[in-house]
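Q: Quick mapping for you: the protein sequence lines, in order, are chains A and B.
Counting in our numbering, the first sequence runs from 1 upward without gaps.
Counting in our numbering, the second sequence runs from 1 upward without gaps.
Since the hints were made in silico from the structure, they are not lab data.
It cannot be assumed that every hint is accurate.
As the list claims (entries may be wrong) - Example chain A residues on the side facing chain B (calculated, C-beta under 10 Å, incomplete):
1. Thr-47
2. Leu-51
3. Lys-79
4. Ala-82
5. Ala-83
6. Thr-86
7. Glu-89
8. Ala-94
9. Gly-95
10. Ala-98
11. Arg-128
For glycine and all other residues, C-beta sits at the position ideal for the given N, C-alpha and C.
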Amino acid sequence: MITRTLRLGALAASAAAAALVLAAPAQAQRDPAYEAARSGGKVGERTDGYLGIVGAADPALRKLVDDINIRRRALYAQKAQAARATLEEYAFTAGCLAIARTAPGEMYQAPGGAWQARGSGPAQRDPRCP
Amino acid sequence: MRSAKLTHKHAPRHKAGMRMRAAWVMVMSGAGALGGCITVNAPEEPIVIELNINIKQEVIYRLAADAGNTIEENPGIF
Chain A
1 MITRTLRLGA
11 LAASAAAAAL
21 VLAAPAQAQR
31 DPAYEAARSG
41 GKVGERTDGY
51 LGIVGAADPA
61 LRKLVDDINI
71 RRRALYAQKA
81 QAARATLEEY
91 AFTAGCLAIA
101 RTAPGEMYQA
111 PGGAWQARGS
121 GPAQRDPRCP
Chain B
1 MRSAKLTHKH
11 APRHKAGMRM
21 RAAWVMVMSG
31 AGALGGCITV
41 NAPEEPIVIE
51 LNINIKQEVI
61 YRLAADAGNT
71 IEENPGIF
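All chains, please: the whole structure from these sequences, using the hints.
A: Below you can see the structure in the form of structure tokens.
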């Protein structure tokens, strides 16, 4: 009986830990600094699935972008492994979708590599994008 | 030079014909190497290697729904 209770307790604890691990990377909303950098056109969505600095890079902006890209990369790696794809394939696919989801005025990278401001129409994307 | 007679049936003549032919081929290839020099110029613009070129469209289509969910589930970093 005691062992059973103990086992149940251990189960509950591990479940709680798993929930915490799963919940940790998911963030409810964008950081205000990130949101401002996006809408201000200082950062943009790159074709490879990562965030890029559009104009001059200051240390604070560099840190913000690096921080997000490190977290994106970790997420891509995990999801790519689960989907039996390479990190690059998964990241590129996410890039296609992230570019499609940019709001008017936000920046994104066109297939040629140049930064573009998203207009009211569809974004210029790689022909392989879904 | 490469007459049918020389390469025909008779073993010694046949050999001689082969030797002649080999010599002729060597002369011809030597002439080709001397006269047919090809000059290759390096392009002016830098060569851009497109690293994403190996990613296939079918793979992207297979991953699209999954990647869409990932983006929606992580609004803080997208």
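Q: Run every hint past the structure and note whether it holds.
A: Comparing the hints with the structure gives:
1. With its C-beta approaching chain B no nearer than about 7 Å, Thr-47 (chain A) sits inside the 10 Å limit, and its interface hint holds.
2. Because the smallest distance between the Cβ of Leu-51 (chain A) and any Cβ of chain B comes to about 8 Å, under 10 Å, the interface hint for this residue holds.
3. For Lys-79 (chain A), the interface hint holds, the least distance from its beta-carbon to any beta-carbon of chain B being 5 Å, beneath 10 Å.
4. Hint status for Ala-82 (chain A) relative to chain B: holds, with the closest Cβ pair at about 8 Å, below 10 Å.
5. Hint on Ala-83 (chain A) holds. Least Cβ distance to chain B is approximately 5 Å, under the 10 Å limit.
6. At a threshold of 10 Å, the smallest CB-CB gap from Thr-86 (chain A) to chain B is about 8 Å, leaving the interface hint in force.
7. Interface hint status for Glu-89 (chain A): upheld, as the beta-carbon distance to the closest one in chain B is roughly 5 Å, under 10 Å.
8. For Ala-94 (chain A), the suggested interface contact is upheld, since its CB lies about 4 Å from the closest CB of chain B, less than 10 Å.
9. Checking Gly-95 (chain A) against chain B: minimum C-beta separation of about 9 Å stays under 10 Å; hint holds.
10. With a cut of 10 Å, the hint placing Ala-98 (chain A) at the interface with chain B holds, because the nearest CB-to-CB distance is about 6 Å.
11. For Arg-128 (chain A), the interface hint holds, the least distance from its beta-carbon to any beta-carbon of chain B being 4 Å, beneath 10 Å.
Checked against the numbered hints given earlier, this structure breaks none of them.
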